[in-house]
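Visitor: Based on these hints, arrange chain B on the given structure of chain A.
Chains A and B supply the protein sequences, listed in that same order.
Counting along the first sequence from 1, when you hit position 48 you're at 48 in full-length UniProt numbering, and nothing is skipped either side.
Counting along the second sequence from 1, when you hit position 179 you're at 179 in full-length UniProt numbering, and nothing is skipped either side.
Just so you know, the hints here were simulated from the structure itself, not pulled from any lab data.
Heads up, a few of these hints could be off.
What the hints assert, rightly or not - What follows is a list of derived Cβ distance ranges for each label pair: (1) LEU306/B / SER169/A: 42 to 50 Å; (2) GLN311/B / ASP242/A: 35 to 43 Å; (3) GLU307/B / ARG324/A: 48 to 56 Å; (4) GLY64/A / GLU307/B: 55 to 63 Å; (5) ALA113/A / ALA203/B: 50 to 58 Å; (6) ARG322/A / PRO206/B: 30 to 38 Å; (7) ASP6/A / ASP268/B: 52 to 60 Å; (8) ARG186/B / ARG322/A: 50 to 58 Å; (9) GLN311/B / GLY177/A: 20 to 28 Å; (10) GLY177/B / ALA230/A: 39 to 47 Å; (11) LEU215/A / GLN311/B: 29 to 37 Å; (12) ARG324/B / ARG9/A: 45 to 53 Å; (13) VAL236/A / PRO206/B: 46 to 54 Å; (14) ASP248/B / PRO213/A: 54 to 62 Å.
Glycine is no exception: its CB is placed at the ideal position from the N, C-alpha and C atoms.
Number of protein chains: 2
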Amino acid sequence: MTLSADDTRWLAAAAALAERARPGSCPNPGVGALIVRDGLVVGRGWTQAGGRPHAEAMALAMAGEAARGAALYVTLEPCAHRSDRGPACADLVAEAGLASVIIGMVDPDRRTAGDGIARLMQAGISVTEADLTPVQAGLSGHAAALLLGRPHITLKLALSLDGCIAAASGESQWITGSAARSHTHRERARADAICVGGATMRADSPSLDVRLPGLEDRSPERWVLTRHSAPDGWRVLASPADVGAMGDVRYLFVEGGAGAAAAFLAEDLVDRLLIYRAPIVIGAGRPGIADIGLDRLASAHGRWTLESRRQFGQDTLEIFNRAR
Amino acid sequence: MTLSADDTRWLAAAAALAERARPGSCPNPGVGALIVRDGLVVGRGWTQAGGRPHAEAMALAMAGEAARGAALYVTLEPCAHRSDRGPACADLVAEAGLASVIIGMVDPDRRTAGDGIARLMQAGISVTEADLTPVQAGLSGHAAALLLGRPHITLKLALSLDGCIAAASGESQWITGSAARSHTHRERARADAICVGGATMRADSPSLDVRLPGLEDRSPERWVLTRHSAPDGWRVLASPADVGAMGDVRYLFVEGGAGAAAAFLAEDLVDRLLIYRAPIVIGAGRPGIADIGLDRLASAHGRWTLESRRQFGQDTLEIFNRAR
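Isolated chain A (complex conformation):
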C-alpha cells in the first residue's frame, strides 16, 4: 500500500540503519528498526554481529515503556520463529504494545513468511507492508539466498572512457583516482566475499583487503575463479554456476578481470554493476569485459537500469541494477 511521506521517511531511515549490520550480521539478514512516538525516535536498532540481538529487540530495549502505543518501522518482517538464541521478534513486538508496525519486506524465510505479520495482527497491531527501493537493496543478499539460492552479486569495473581496464602493456595503475579507489574499499567492506579471476590473481596478486581506517577487520573472504588450485588465503570457485555453494556468503563482490567479469555476465549472475569511469582515453587497451556470448545486439538491451551516479573527483561512479 501507499505510505505517507512521514512513513516513507522513517522506513528509509530504518533502511539506512540496516546498512550498519553489514557485513557483521552475515549470514543473517541485516535489518534496521526504528520506534517512533509522536514524531520522535524512541528506539532504534540493527542486526548485531553474528545475527543477535535482532534489530527489533535492540530498538525495543532502547524504547522500554515508550514503545507502548508507538509505531515500529522495520525493514524486514519480524521473525516468527523462536530459537535458543532468543524469543521471536513478532512476540516481543506484540508484548511491547506497539500501535502499528510498518514493514519493508515480507520475510521470504519459510520459518516466518507471513507468520510474523499474522501474529502482530492477532495482537491487534495495525500492520502495513511497504515497498521501498532502499529497503529492498539492503535485503538483496537475504532475498537472493532464499529465492535464488545464491549470493547477491556485484560486479565492479574501473574503466576508461573507451572501456579499458588497462593499457595494451597491461599497465593498470591507475585508471581511476584515489577517491574512487577508496570508495571501492568501502564497497569491499560491505561484501562477505570478493572474487577475482585466476589471471588477475596471478598477474596482480591483489590483496583485496580493506584499506580504510577503522575498517581493516572488514576484509572479506577472498575467492578466485579458477579450475586450478589456489594459494593460501584464497578459496576456489570453479565456475560462476557454483556460487550457490559459497557457504554463508550473502554479498559477493566480483572485481574482474575481464574473464571473470564475462563469466559472471554470461551466466546472467550479475545483479549490480558498479562502474567507476575515469575521463581518460586509452585506445586499443585491454577491454574490461571478455566474451559474454551475446548473440544479437537486441539481446543486450533492457537488462540494466541506472540506479545512481556520483562523482569522485574527475571519476564517475555509475551503479546499474539488473532489470529482472
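Guide: Same frame as chain A, now just chain B:
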C-alpha cells in the same frame, strides 16, 4: 573583468543567439548580439547566412533610435575592417550612440584584434571584455581557424558500457536509442563537415545526412579519411594532419569508426568528445577507439574535462573538452 549577474545573463543570451548562426555563417564566425535598454531587449541579431549582415548590424537595425544610450552585448569584438559588403561594425556601434559594450571575446582576426575595441573607446563608449564559457564555445571554430589554422574538431562515439561500437559480428544498429541518434543529427547540423574512416564508409555506406524535420538542408560536407579515392559526394582527407587544408570548414564532426577516432586522437586533434553511452554490455565487441600510441597510463590523465551530461532516455551523453 568580473561581470554583474545581469551582464552575465545577457551575454549568455547573446551566446545562445549566436547558435542560430551555425552553420550558415561559415566561414564567418557565428556571433550573437543583444541591445538592452532599461532591462529590456530592444534589438537582437546573429550573423546571417553567408556572413552578412553581422550580428551587431542586425541588432542595431532592430533597435533603431532605442540603441542610443543602451548597452550592447556581443559575443565577439565588433569588426574594425570595412569591406565592400558593408561598413565596420565598430563604426556602426559608435555612430549609434550606445553607452556601453560588453564583449565576450577579443577577435583573434588580425584585421580587428583590438582595433574594434579601440574605436569604441575613442567614441566614448564604456567597453568591458568578459570571459564566458558559452561564448568561447560558440566561437571555438573561429578561434581554431585563426589560432591553430584548422577547424574545431568534435569526435562523436556511440558506445556500450564496455566501450564497444559494435558486436564482434560487426552488428552496430543500434547501440543507442532513437533520441540519442536524433541528437547526433542535430550535432551534424551544427557542423560544416563530417568525416568518417575509410573502413566505415565502405562497410556502412553512411549517408551522414541530417534527418531532422526542417534541417534536411543542413547536411554538411562529407569527408572520408583514406589514402585511396572516394566515391561521388565524398571528399578525401588523406591524414588528420591535413585538417588545415579543408577549406572553409570551421567545425568538423568526426563520427568514427575506431580507426578514424584513433587517428585524430593520436594527433591530439580532438577538441571535444561527444560520448553517447547506452546501458548495455556487449563483451568482446569491437572497441570504439583503436591504437592512439599511448605510452604510459599517466599520459592519458588530465586531458579531458567533463563539460556537461544529459540523458536521452536510457542513454547518457557526456561532453568532454580537451584541457589545453
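Visitor: Each hint: holds or not?
Guide: These are the hints, each one checked on the structure:
no., hint, in the structure
1, LEU306/B / SER169/A: 42 to 50 Å, "violated (27 Å)"
2, GLN311/B / ASP242/A: 35 to 43 Å, "holds (38 Å)"
3, GLU307/B / ARG324/A: 48 to 56 Å, "violated (35 Å)"
4, GLY64/A / GLU307/B: 55 to 63 Å, "holds (57 Å)"
5, ALA113/A / ALA203/B: 50 to 58 Å, "holds (56 Å)"
6, ARG322/A / PRO206/B: 30 to 38 Å, "holds (33 Å)"
7, ASP6/A / ASP268/B: 52 to 60 Å, "holds (56 Å)"
8, ARG186/B / ARG322/A: 50 to 58 Å, "violated (32 Å)"
9, GLN311/B / GLY177/A: 20 to 28 Å, "holds (25 Å)"
10, GLY177/B / ALA230/A: 39 to 47 Å, "holds (43 Å)"
11, LEU215/A / GLN311/B: 29 to 37 Å, "holds (34 Å)"
12, ARG324/B / ARG9/A: 45 to 53 Å, "holds (47 Å)"
13, VAL236/A / PRO206/B: 46 to 54 Å, "holds (49 Å)"
14, ASP248/B / PRO213/A: 54 to 62 Å, "holds (60 Å)"
Violated hints, listed in ascending order, are 1, 3 and 8; each of the other numbered hints is respected by the structure.
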